[in-house]
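> Here are the chains, one letter per residue:
Number of protein chains: 2
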Amino acid sequence: MSAILDPAQERFVEHIGLLWEGQGLSRVAGRIVGFLTLQDAPRSLDEIATALNVSKGSVSTDARLLQARGLLERTPAPAGDRRDYYVVAPDLPVAVLEERRRELHGLASALEAAVALPDTPKAVSSRLKRFCDIYRAVARQLEQLIAAPAKAGGTRTTTPRTP
Amino acid sequence: MSAILDPAQERFVEHIGLLWEGQGLSRVAGRIVGFLTLQDAPRSLDEIATALNVSKGSVSTDARLLQARGLLERTPAPAGDRRDYYVVAPDLPVAVLEERRRELHGLASALEAAVALPDTPKAVSSRLKRFCDIYRAVARQLEQLIAAPAKAGGTRTTTPRTP
DNA sequence: CTGAACATTCAGTCTTGACTGAACGTACTA
DNA sequence: TAGTACGTTCAGTCAAGACTGAATGTTCAG
Chain L
108 MSAILDPAQE RFVEHIGLLW EGQGLSRVAG RIVGFLTLQD APRSLDEIAT ALNVSKGSVS
168 TDARLLQARG LLERTPAPAG DRRDYYVVAP DLPVAVLEER RRELHGLASA LEAAVALPDT
228 PKAVSSRLKR FCDIYRAVAR QLEQLIAAPA KAGGTRTTTP RTP
Chain W
108 MSAILDPAQE RFVEHIGLLW EGQGLSRVAG RIVGFLTLQD APRSLDEIAT ALNVSKGSVS
168 TDARLLQARG LLERTPAPAG DRRDYYVVAP DLPVAVLEER RRELHGLASA LEAAVALPDT
228 PKAVSSRLKR FCDIYRAVAR QLEQLIAAPA KAGGTRTTTP RTP
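Line order of the protein sequences matches chains L and W. Residues 108 to 270 in the numbering used here are what the first sequence spells out, letter by letter. Residues 108 to 270 in the numbering used here are what the second sequence spells out, letter by letter.
Because identical chains cannot be distinguished in the list, a pair is counted as satisfied if it fits within a single copy or across any two copies.
Simulated pairs of lysine to any residue, SDA-like, Cα-Cα distance not exceeding 25 angstroms:
hint, residue 1, residue 2
1, Lys-236, Arg-181
2, Lys-236, Glu-180
3, Lys-236, Glu-206
4, Lys-236, Glu-205
5, Lys-236, Glu-250
6, Lys-229, Val-201
7, Lys-229, Ser-216
8, Lys-236, Arg-207
9, Lys-229, Pro-183
Worth flagging that the hints you see were computed from the coordinates, not collected in a lab. Just so we're clear, the structure is a prediction, and the values are computed from it rather than from any experiment.
All chains should be built: construct the whole structure from the sequences, respecting the hints.
Pasting the structure below:
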């Protein structure tokens with residue numbers, strides 16, 4: 108029930124935090140995601156701050172940032188409770204894929220624009236096109252996974268009951 | 108012929124640099140990749156440093172780092188020339204995909220390990236499994252693209268016979 | 001051996017951004 | 001009205017790490 112982490116969970120949270128840190132999020136933000144991933148109920152700012160041992164200010168800032176990026180959701184509070192409760196977004200992985208897709212799209216566009224530059228040697232423009240094609244192909248695959256994340260590949264799709 | 112960049116190329120290089128900066132590389136490293144992508148011949152450390160207006164020390168460090176990550180290649184120098192010449196790796200996008208794949212694999216493993224933790228509520232473990240499945244599916248798609256980057260297209264997921 | 005032409009290393013500087021904690025704003029309650 | 005319980009903001013501190021440039025290898029030509 109509470110939000111206290113045992114050592115194994117602590118490690119998990121830290122692990123996720125580090126992964127996200129390499130992806131342009133702050134360490135704290137990453138740990139928030141990891142923490143909420145392990146919770147079966149919404150958690151308030153204070154609970155998160157206590158569990159992660161960071162200041163409430165950090166959690167406030169990062170939680171809103173994560174929400175804006177679609178990785179977290181704010182749940183309606185019980186009547187008479189003014190606290191904000193956060194949950195990890197049910198489709199968090201899809202949100203991540205969507206970000207990646209946009210990134211790839213931007214990269215491909217930049218490469219395409221470079222092809223059109225004057226005085227581009229043949230060898231360079233063919234390389235640019237090749238790179239661009241690959242990124243576009245990846246972007247297309249991501250789109251499909253985004254559209255139908257459950258059906259992807261050959262995995263079994265267990266459809267769990269929504270609590 | 109030389110390695111001087113016009114404004115449009117400058118912008119391209121900067122753009123690529125910023126993209127990489129968000130991915131755990133230094134700004135200079137990103138700009139090196141961008142710069143070499145536009146070159147039709149191998150470039151020496153000095154040429155790179157001059158074109159990007161950074162110290163030779165930076166270029167030396169970052170170029171070797173990029174080489175270790177498979178994003179750059181060192182080409183054999185002409186006889187009697189002791190300089191190091193770098194080119195962007197012909198399969199740079201594939202190297203990038205491979206890194207992503209490994210990252211996803213690590214993430215999926217972490218999620219799987221968390222499922223096995225004691226006292227994991229049902230709701231949590233089913234979420235962990237769901238997230239894990241998605242990441243695994245993406246990893247599989249990446250594997251296919253890595254195996255046959257040129258052929259990537261449309262909806263097809265069937266691997267053409269490759270000996 | 002000496003000098004030239006490289007690449008590499010590393011101590012030092014500087015920038016960036018994370019994080020804190022206290023002050024502040026806000027909304028509800030009694 | 002005052003009081004309480006929140007969330008938000010922001011100036012300040014701090015640490016990580018990027019970048020520099022001079023010193024230090026290293027290799028080759030003569």
